Amino acid sequence: GQNIDQPTEMTATEGAIVQINCTYQTSGFNGLFWYQQHAGEAPTFLSYNVLDGLEEKGRFSSFLSRSKGYSYLLLKELQMKDSASYLCAVRDNYGQNFVFGPGTRLSVLP
Amino acid sequence: IAGITQAPTSQILAAGRRMTLRCTQDMRHNAMYWYRQDLGLGLRLIHYSNTAGTTGKGEVPDGYSVSRANTDDFPLTLASAVPSQTSVYFCASRQTVNTEAFFGQGTRLTVV
Chain A
1291 GQNIDQPTEM TATEGAIVQI NCTYQTSGFN GLFWYQQHAG EAPTFLSYNV LDGLEEKGRF
1351 SSFLSRSKGY SYLLLKELQM KDSASYLCAV RDNYGQNFVF GPGTRLSVLP
Chain B
15 IAGITQAPTS QILAAGRRMT LRCTQDMRHN AMYWYRQDLG LGLRLIHYSN TAGTTGKGEV
75 PDGYSVSRAN TDDFPLTLAS AVPSQTSVYF CASRQTVNTE AFFGQGTRLT VV
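For the record, the sequence lines run as chains A and B. Residues in the first sequence are numbered from 1291 upward in steps of one, following this note's numbering. Residues in the second sequence are numbered from 15 upward in steps of one, following this note's numbering.
This is chain A alone, in the form it adopts within the complex (with noise of 0.2 Å):
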């Protein structure tokens, strides 16, 4: 079966680091996608991992380690506008289907 998990919810203040993390048991693996969704929006893409290791993106860093099943979604010198849901999909075996993790709702206070 599919399983992904992430915290349902964090709490961070601005200009720290914050680290969500992702868990996933799937069907095989085929890359894992990190998006962020503002409330009442649409989720926009922010990384996509498919090797281990670590991707930089400016403040945004996403690490995956495939034999762990283990990603996590790094942000640094948080910023009000990061208030937002995090969620973690998982590409499976066959390359078509992409399983979302129930987000992570992340709240960043002054």
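Be a bit skeptical, because a hint or two may be false.
[As the list claims (entries may be wrong)] Label pairs and their in silico Cβ distance ranges:
1) A:1367 <-> B:76: 41 to 47 Å
2) B:122 <-> A:1334: 17 to 23 Å
3) A:1298 <-> B:67: 19 to 25 Å
In case anyone wonders, no lab produced these hints; they're calculated from the structure. No experiment lies behind these values; they were computed from the predicted model shown. Glycine is no exception: its CB is placed at the ideal position from the N, C-alpha and C atoms.
Starting from the structure of chain A, add chain B where the hints point.
Only chain B this time, still in chain A's reference frame:
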């Protein structure tokens, strides 16, 4: 049109009625998807289409049907709406399986 567009933005529908949610993209993406998003459950795949003329069932297809007559359009039909279909529906498209998905702005559907 720029990107991917859904219509309507929101709708209140009487149970038992038929409803079609529209989705159009102008990016010439091959693959298109319909998801529903419910609190605590995340995005769940309803139906998908890898290319024009083909469709497939996702995780929660019951009560829904789709068609893909051309590359641009991917309508989702609820034949006889039920209250459990109250949700926010997102249409998405991607060029290939290695690229990110682009999402429409969503349709908020309430079945009463």
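- Task: Confirm or reject the claim that residue 1367 (chain A) and residue 76 (chain B) have a C-beta distance inside 41 to 47 Å.
- Result: holds (45 Å)
- Query: Honestly, do residue 122 (chain B) and residue 1334 (chain A) meet the 17 to 23 Å range at C-beta?
  - Reply: holds (18 Å)
- Using the Cβ atoms, figure out if residue 1298 (chain A) sits within 19 to 25 Å of residue 67 (chain B). violated (40 Å)
In terms of the numbered hints stated before, the structure departs from hint 3 and from no other.
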